[in-house]
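**Student:** Below are the chains, spelled out letter by letter.
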Amino acid sequence: MSHSDTIPLHPSSQSDIDEIENLINADVHSVTVLPARPPSPPRVSIPISHSPSPLPPYQKVPPSASPPPVVPAVPAAAAAPAGSSRIGISSDAFGSPPDTLTEPVWDTVKRDLARIVSNLKLVVFPNPYREDPGRALRDWDLWGPFFFIVFLGLTLSWSASAKKSEVFAVAFAILAAGAIILTLNVLLLGGHIIFFQSLSLLGYCLFPLAIGALICMLEGNVIIKIVVVSITLAWSCWAAYPFMSAAVNPRRKALALYPVFLMYISVAFFIIAID
Amino acid sequence: MEEGYTSLPASHLLGSVPAVIAEDKTTSVASEAASTANLHLFPPSNGGYQAPGTPSGADEQTTSSWQGVFSISSYSSYFNVDTDVVVERIISSVYPMNDFYRKIDGNPDLYGPIWISATLMFMLAALGNFGTYLMKKRNDSSTTWTFDVTYVEWSACAIFGYMLAVPAAFYFLLQYFGFRTSLVRLWCMWGYSLFIFMPICLLLVVPVELFRWIIILLAGIASSWFIAVNLKAYTQSSDLMMLIVGAMVLQFALALFIKMFFFP
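If you read the protein sequences in the order shown, they are chains A and B. Sequence positions in the first sequence follow full-length UniProt numbering and run 1 to 275. Sequence positions in the second sequence follow full-length UniProt numbering and run 1 to 264.
Chain A with its partners taken away, still in its complex shape (with noise of 0.2 Å):
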């Protein structure tokens, strides 16, 4: 083992290099569990250098002294290729990763953009490899909710001709005060989700109805509106009936789902009726 020339970070580390190592050198073929995270970055240990001036010890080194295997771009496919699973045990093992403090913001960007895109590709997007519905959004964030939320509170406050700050926070409030509410409602009809799984998936819905409202700010006539909104609702109703209808006793699937669509159908009537 070459740990002569590292510093280990924690105390508790140096066996969890050891298991990296181990794991590295014996070449794993999806042995593993697969990280119901994306693994994070490689961890770098800090070499000490023999020269004088030694690094400080939280600049980042470039991670050539220990082969790093790519962080696959697109976190979500790692449940395929066999080229991730070197890393494959999830590194919250580890106490706190260094790297994702230490590198460039652009990378911590970059990975979050990655996992939203391919969530969106999961969830709402006509997929023929979809897996099992029930299981749809492993590796569920909140980021993507957020950005269409707002997105959407924004644009109709945009599209609003009085009262643009009331339109915004009735939006937004209905928004997401409406996906917690839907969520414990799945939850108290004895229903088995996890909460913010459901809460990410709900706001990944709204993406089509994002897409209308901003289709409808930019043009005018009111029956391109309501055929623009129609479609629109549709689709978010689609995407969002698998994942809520798996959730809970079949004979409860209605009384689960009509509220899904409550919520749907009257953010659609918001974004045809503001002019």
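Read the hints as simulated data drawn from the structure, not as lab findings. Watch out, some of these pointers could steer you wrong.
As the list claims (entries may be wrong) - In silico DSSO-like links for lysine-lysine, alpha-carbon gap of 30 Å or less:
hint	chain 1	residue 1	chain 2	residue 2
1	B	K136	B	K259
2	B	K136	B	K103
3	A	K163	B	K137
4	B	K136	A	K163
5	B	K232	A	K164
6	B	K259	A	K164
7	A	K121	A	K110
8	B	K232	B	K137
9	A	K253	B	K232
10	B	K232	B	K103
11	A	K164	B	K137
Stated by the list, open to error - Heads up, incomplete: computed chain A residues facing chain B, CB under 8 Å, no partners named:
hint	residue
12	L188
13	L189
14	G190
15	M217
16	R251
17	A273
Unchecked claim - What the simulated footprint calls covered on chain A by chain B, stretch by stretch (three residues with Cβ under 8 Å from a Cβ of chain B suffice, anywhere in the stretch; the number is not a length):
hint	stretch
18	218-227
19	255-261
C-beta atoms are modelled at their ideal positions from N, C-alpha and C, and glycine is treated no differently.
Based on the hints, put chain B in the right spot on chain A.
**Tutor:** Leaving out everything else, chain B in the frame of chain A:
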């Protein structure tokens, strides 16, 4: 059996939604017995957990732990209804016949009141604005029509305020007069009584003033009659006629408020 959905273990599936698998669960019987207990106490008082071995006669348990108020599972006994049960209750609320209270006696639910109120709130805001739009078009005025978003706020305050405050007030009054009623049943009944205003809203959009007044008077009378019949079943005496008349007047006042504020 399908009762097992309430006790599927799911917390070990980190980060994924467990698909609903039709396995049989042996604890389903115990959870079914536990879910019908404590329905007459509104804030659930036993922390929401009933061990599978406790008999169903534990509904007079006095282990009043306040943590029951904050846990979700202790409220799910008030949502123990299926789709067909809810639809049946809604249909029987439209005709002011006298068997609604029998339907909800064993299993009052809060799903109906909450979502009927929410639907009514959105319909009032949306159709109220649509109504003003039609009036403006009919009068052909030169002023432009804007969507009045304060309708949403007013309808939320009016409907939810009415739904929360009036049954609670009647609960306290009935307790004062010595009748043992259950707050959940009162909320359930008042909630379902609001259902009739939903189709009425659709009809109120027609911009003919006389038609609107006739419709709202009929709706107000029907709804007040429903409330009176069901309250009488709880009080079972004629001493409290004033209370019942008060309830009818309040319901009628709500109907008038809906007409005058949202469809002027």
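**Student:** Run every hint past the structure and note whether it holds.
**Tutor:** Evaluation of the provided hints:
1. At roughly 17 Å between alpha-carbon atoms, B/K136 and B/K259 fall within 30 Å of each other, so this suggested pair holds.
2. Between B/K136 and B/K103, the direct Cα distance comes to roughly 45 Å. Violation of the 30 Å bound is thereby established for this hinted pair.
3. A hinted pair counts as satisfied when its Cα atoms are at most 30 Å apart, and A/K163 with B/K137 qualifies at roughly 22 Å.
4. With a C-alpha separation of about 20 Å, the suggested pair B/K136 and A/K163 falls inside the 30 Å cut-off, and the hint holds.
5. Between the alpha carbons of B/K232 and A/K164 the distance comes to roughly 48 Å, so the proposed pair goes past 30 Å and is violated.
6. Among the hinted pairs, B/K259 with A/K164 is consistent with the structure: their alpha-carbon atoms are about 27 Å apart, no more than 30 Å.
7. The hinted pair formed by A/K121 and A/K110 meets the criterion: a straight-line CA distance of about 16 Å does not exceed 30 Å.
8. The straight-line distance between the Cα atoms of B/K232 and B/K137 is roughly 46 Å, outside the 30 Å bound, and the hint therefore fails.
9. At most 30 Å may separate the alpha-carbon atoms for a hinted pair to count; A/K253 and B/K232 exceed this at roughly 35 Å.
10. In summary, the hint linking B/K232 to B/K103 is supported, as the alpha carbons are separated by about 15 Å, within the 30 Å threshold.
11. With a CA separation close to 24 Å, the supplied pair A/K164 and B/K137 stays within the 30 Å bound.
12. For A/L188, the interface hint holds, since its Cβ comes within 8 Å of a Cβ in chain B; the closest pair sits about 4 Å apart.
13. A cut of 8 Å between beta carbons decides the hint on A/L189: the least distance to chain B is about 5 Å, and the hint holds.
14. For A/G190, the interface hint holds, the least distance from its beta-carbon to any beta-carbon of chain B being 5 Å, beneath 8 Å.
15. Violation of the interface hint for A/M217 is found here, the shortest Cβ-Cβ separation to chain B being roughly 14 Å, above the 8 Å cut-off.
16. The beta carbon of A/R251 is positioned within 8 Å of a beta carbon in chain B (closest approach about 4 Å), and the interface hint is therefore held.
17. Contact between A/A273 and chain B, as hinted, is supported at the beta carbon level, the nearest pair being about 5 Å apart and thus within 8 Å.
18. Note: the stretch 218-227 of chain A has 0 residues with beta-carbon separation from chain B under 8 Å; the three-residue rule is not met and the coverage is violated.
19. With 3 residues carrying a beta carbon less than 8 Å from a beta carbon of chain B, the stretch 255-261 of chain A meets the three-residue requirement, and the given coverage holds.
Figure legend: structure checked against the earlier numbered hints; hints not met, in rising order: 2, 5, 8, 9, 15 and 18.
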